[in-house]
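Number of protein chains: 2
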Amino acid sequence: MEPTHIEHIGIAVKSLDDAIPFYEDVLGLKCYSIEEVKDQKVKTAFFKVGQTKIELLESTDPEGPVAKFIDKRGQGIHHMAFSVSGIKEKLERAEEKGVRLIDSKPRKGAEGLDIAFLHPKSTFGVLTELCEDKTK
Amino acid sequence: MEPTHIEHIGIAVKSLDDAIPFYEDVLGLKCYSIEEVKDQKVKTAFFKVGQTKIELLESTDPEGPVAKFIDKRGQGIHHMAFSVSGIKEKLERAEEKGVRLIDSKPRKGAEGLDIAFLHPKSTFGVLTELCEDKTK
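Chains as they are written, first to last, in the working numbering: chain A, 1 to 136; chain B, 1001 to 1136.
It should be emphasised that the hints constitute simulated quantities derived from the structure, not laboratory data. Check before you lean on any hint, since a few could be wrong.
[What the hints assert, rightly or not] Covered stretches of chain B (in silico footprint by chain A; criterion: 3 or more residues with CB under 8 angstroms from a CB of chain A, positions within the stretch not fixed):
(1) 1005-1015
(2) 1027-1037
(3) 1043-1052
(4) 1060-1066
(5) 1071-1077
(6) 1099-1113
Glycine included, C-beta positions come from ideal geometry on N, C-alpha and C.
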């Protein structure tokens, strides 16, 4: 089964307070939630545009993955997540095809989704996330 | 009016031939078109996932914008495009809010869309494109 849509796009920013007004006042989107995700060491602001969420990510720790990303590459798009069904089989297929996995098994992510990341070294520079909503 | 969806995500790759099999065989998407866009000095491979297109961009010129992007930042997501209505008014509003515009007026892009880019210095590192389909 092919992915059904882009579930979200994660964007690393230095400051949510600075970046939210661009998405609200310039683009006309509405921030509907701000949430801290402790194990990822980020504070996240969510916007919805059609089928896709925009997730702005501000690091809460200078040693966290988003802080390190910004140190190395600057602010910008951090990852892209595809909504799939059969995430376990998708991961197995990726591994068979020689793709390096960050998560060899799905784990629980935000909003109760099953998620797993593929390594950008195997995905042409794009940190790629697979998400499955088992409640659907 | 808020944007209706993510129209496309542009991804800079060194080689379409190398990258297409990842999107087809691993993710399960289907490349439905390959097109050369001469004025952007790229060859583009298109995939559709829900409302959004994935556009892989391979430079046809070592001095082109995509080649320069890869030299500086490596392969990865190059830009993100929002589908909007009233693109002219959106650009005027962006300018009023102090956003630096790459295109101060809409121009014709791929597939006959009216498009304009906002400068990543003003958009927290994300090269942001606005697109309007005037035929709709």
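Tell me, which hint numbers fail for this structure? Violated: hints 4 and 6.
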